[in-house]
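Visitor: Top to bottom, those sequences are chains Y and B.
The number in my numbering is simply the position in the first sequence, starting from 1, with 1 added.
The number in my numbering is simply the position in the second sequence, starting from 1, with 1 added.
Hints were generated in silico from the structure; no laboratory data involved.
Misleading hints may appear alongside valid ones.
To be verified - Once the Cα atoms are required to be at most 25 Å apart in a straight line, the calculated SDA-like pairs of lysine to any residue come out as: (1) Y:Lys93 x B:Tyr130; (2) B:Lys93 x Y:Arg117; (3) B:Lys93 x Y:Asp29; (4) B:Lys93 x Y:Leu138; (5) Y:Lys93 x B:Pro11; (6) Y:Lys113 x Y:Arg165; (7) B:Lys113 x Y:Pro11; (8) B:Lys93 x Y:Pro11; (9) B:Lys126 x Y:Thr98; (10) Y:Lys126 x Y:Leu70; (11) Y:Lys126 x B:Gly150; (12) Y:Lys93 x B:Lys93; (13) B:Lys93 x Y:Leu129; (14) Y:Lys113 x B:Gly151.
To be verified - Covered stretches of chain Y, as calculated for chain B (at least 3 residues, CB under 8 Å): (15) 36-49; (16) 73-86; (17) 101-109.
Unchecked claim - Away from chain B, derived, C-beta distances all over 12 Å, residues of chain Y: (18) Gly60; (19) Pro90; (20) Asp112; (21) Ala115; (22) Leu116; (23) Ala119; (24) Leu138; (25) Pro166.
Since the structure is predicted, the reported quantities are computational estimates derived from the model, not experimental observations.
For every residue, glycine included, the Cβ atom is placed at its ideal position computed from N, Cα and C.
2 protein chains.
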Amino acid sequence: MASDTPHPDPVRPADDAARVLARGVARDARFGALGVIDPATGGPMVTRVAALWDTGAAGPSALILVSDLSLHTAALGRNPACSLLLGEPRPKGDPLTHPRLTLMAQARPADKAALRAAWLATHPKAALYYDFADFRLLRLVPHSAYLNGGFGRAWRLAPADLARPV
Amino acid sequence: MASDTPHPDPVRPADDAARVLARGVARDARFGALGVIDPATGGPMVTRVAALWDTGAAGPSALILVSDLSLHTAALGRNPACSLLLGEPRPKGDPLTHPRLTLMAQARPADKAALRAAWLATHPKAALYYDFADFRLLRLVPHSAYLNGGFGRAWRLAPADLARPV
Numbered sequence: 002m003a004s005d006t007p008h009p010d011p012v013r014p015a016d017d018a019a020r021v022l023a024r025g026v027a028r029d030a031r032f033g034a035l036g037v038i039d040p041a042t043g044g045p046m047v048t049r050v051a052a053l054w055d056t057g058a059a060g061p062s063a064l065i066l067v068s069d070l071s072l073h074t075a076a077l078g079r080n081p082a083c084s085l086l087l088g089e090p091r092p093k094g095d096p097l098t099h100p101r102l103t104l105m106a107q108a109r110p111a112d113k114a115a116l117r118a119a120w121l122a123t124h125p126k127a128a129l130y131y132d133f134a135d136f137r138l139l140r141l142v143p144h145s146a147y148l149n150g151g152f153g154r155a156w157r158l159a160p161a162d163l164a165r166p167v
Numbered sequence: 002m003a004s005d006t007p008h009p010d011p012v013r014p015a016d017d018a019a020r021v022l023a024r025g026v027a028r029d030a031r032f033g034a035l036g037v038i039d040p041a042t043g044g045p046m047v048t049r050v051a052a053l054w055d056t057g058a059a060g061p062s063a064l065i066l067v068s069d070l071s072l073h074t075a076a077l078g079r080n081p082a083c084s085l086l087l088g089e090p091r092p093k094g095d096p097l098t099h100p101r102l103t104l105m106a107q108a109r110p111a112d113k114a115a116l117r118a119a120w121l122a123t124h125p126k127a128a129l130y131y132d133f134a135d136f137r138l139l140r141l142v143p144h145s146a147y148l149n150g151g152f153g154r155a156w157r158l159a160p161a162d163l164a165r166p167v
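Chain Y extracted, bound-state conformation:
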C-alpha cells in the first residue's frame, strides 16, 4: 500500500473467497454499529445495536431490535437510509486485520412476532424486553456491501453475494 504502487481501484469486485468471508462475518454477528442520518444535523450518527443476520424469504438482510425511545429509531423514522458494520475484532491483535462487513441498506419494519424465536435463540437475554410495545424489529435490506478482509483486501458486494449458496 505504499504510495508508489498503482491502485486504480483498490476495492475489488466480489469473488467466491469474498462471498464466503462476508457470509461468515454476517452469520456470526450478534451486534453491529448502525449508521443513520441524524435529523438534527443531517450528518451521520453511529450507535451500537443488537443484530441477527437473516437469509430467509425476505432475502439476505440484517434484523435489529431497537427501542422507540432511542435516537437511532427516531432517525430511521425520518430517513430509512442506514449502514451497518458487522464483524467485531477480538480483544487481542490489530483490530484492523479482522474482517468486517459494511452494509448500505434501507430499514423496513419486520414481523416481530414471527421472528421472536429466531431472535431469542441468538439473544436469549432479550427475552426480558422483546415483547415490550416500545421495542420494534427492523429489517435492514442491503442494496450494496463492502467487505474489508484486512489491510489491502477489500471487495464490493451485491445483495446476491450475501445470499446462501443454492
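Add chain B to chain Y, keeping to what the hints say.
Guide: Relative to chain Y, chain B alone:
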C-alpha cells in the same frame, strides 16, 4: 423501559458520572466505527478505523489514521460531517450493557508528523505504514456526543464534558 412508563426525554443532560464514564470510554478506545456520508448515495456508511483520543491543545477530539485509498477517506473529502462510535464490548456478556460513546463531529486535517509518537505509542504496529504518503491523520472534532451506559442510561454531552478536568 416498559411501554407504560413515561419517558418525556429518555436522554439525560450530562452529569459528573456521565462525564467520567465518557472520558474513560474515549481514553481507552484504540479503534471505532466511523460513520460518513457515502457520496454515491447520500446515505450513511460505517467502517472500522484505528483511533486515538486526544485532549491536547486542539480540544477533546479523536484522531484517526486513514488511507487515501479507502472509501471513508474519499467520503470525508466530499463531506467532513462524521460520527465515531467508541467503546467496544467485551467478548462475553450482553454487548448492549457495555458503555459506548457516539461522537458527532467534523473531520479536519491533523499534524501527522507532530502526532507520530503519540499514535505509535498506542498503535505500535502502525509503524509499518504510518509514514506512507497515502496515509493521513484526521482529527474528528466533536460538536456533540451521546453516551449510552447500558439499557436506560443515556446522556447528551457537549465537547466541554469530554475535556479533562482542570
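Visitor: Each hint should be assessed against the structure and marked as holding or not.
Guide: We went through each hint and held it up to the structure:
The straight-line distance between the Cα atoms of Lys93 (chain Y) and Tyr130 (chain B) is roughly 20 Å, inside the 25 Å bound, and the hint therefore holds. For the hint pairing Lys93 (chain B) with Arg117 (chain Y), the CA-to-CA distance comes to about 23 Å; that is within 25 Å, so the pair holds. For the proposed pair Lys93 (chain B) and Asp29 (chain Y), the alpha carbon gap of about 14 Å is at most 25 Å, so the pair holds. For the hint linking Lys93 (chain B) to Leu138 (chain Y), the alpha-carbon distance of about 24 Å falls within 25 Å, and the restraint holds.
Between Lys93 (chain Y) and Pro11 (chain B), the direct Cα distance comes to roughly 35 Å. Violation of the 25 Å bound is thereby established for this hinted pair. For the hint linking Lys113 (chain Y) to Arg165 (chain Y), the alpha-carbon distance of about 23 Å falls within 25 Å, and the restraint holds. Proposed proximity of Lys113 (chain B) and Pro11 (chain Y) is supported: the alpha carbons are some 23 Å apart, at most 25 Å. For the suggested pair Lys93 (chain B) and Pro11 (chain Y), the alpha carbons sit about 35 Å apart, so the restraint of at most 25 Å is broken.
Pair hint Lys126 (chain B) plus Thr98 (chain Y) holds up; C-alpha atoms about 11 Å apart against a cutoff of 25 Å. With a C-alpha separation of about 19 Å, the suggested pairing of Lys126 (chain Y) with Leu70 (chain Y) holds against the 25 Å cut-off. Restraint check for Lys126 (chain Y) and Gly150 (chain B): satisfied, since their Cα atoms lie roughly 17 Å apart, inside the 25 Å limit. Under the criterion of a C-alpha separation no larger than 25 Å, the hint pairing Lys93 (chain Y) with Lys93 (chain B) is consistent with the structure, at around 14 Å.
Simply put, Lys93 (chain B) and Leu129 (chain Y) have alpha-carbon atoms about 18 Å apart, close enough for the 25 Å limit, and the pair holds. Proximity of Lys113 (chain Y) to Gly151 (chain B) is assessed by CA-CA distance (about 23 Å); at most 25 Å being required, the pair is judged to hold. Residues of the region 36-49 of chain Y lying with their CB closer than 8 Å to a CB of chain B number 12, which satisfies the three-residue condition for coverage. Here the region 73-86 of chain Y counts 5 residues with a CB under 8 Å from a CB of chain B, which clears the bar of 3, and the coverage holds.
A count of 3 residues in the region 101-109 of chain Y with a Cβ less than 8 Å from any Cβ of chain B is obtained; the coverage claim is therefore met, three being the minimum. Even its closest Cβ contact with chain B, about 18 Å, leaves Gly60 (chain Y) beyond 12 Å, as expected for a residue assigned away from the interface. Non-interface call for Pro90 (chain Y) relative to chain B: violated, since the shortest CB-CB distance, roughly 7 Å, does not exceed 12 Å. Residue placement check: Asp112 (chain Y) keeps its beta carbon more than 12 Å from all beta carbons of chain B (closest about 19 Å).
The Cβ of Ala115 (chain Y) sits about 20 Å from the closest Cβ of chain B, beyond the 12 Å cut-off, so the non-interface label holds. Every beta carbon of chain B lies more than 12 Å from that of Leu116 (chain Y), the smallest distance being close to 18 Å; the non-interface claim holds. Remark: the non-interface label on Ala119 (chain Y) is consistent with the geometry, its nearest Cβ contact in chain B lying 18 Å away (cut-off 12 Å). The claim that Leu138 (chain Y) lies off the interface holds: its Cβ sits roughly 15 Å from the closest Cβ of chain B, which is beyond the 12 Å cut-off.
Against the 12 Å criterion, Pro166 (chain Y) stays outside the reach of chain B, whose nearest CB is about 27 Å from its own CB.
Of the numbered hints given earlier, the model fails hints 5, 8, 19; all others are met.
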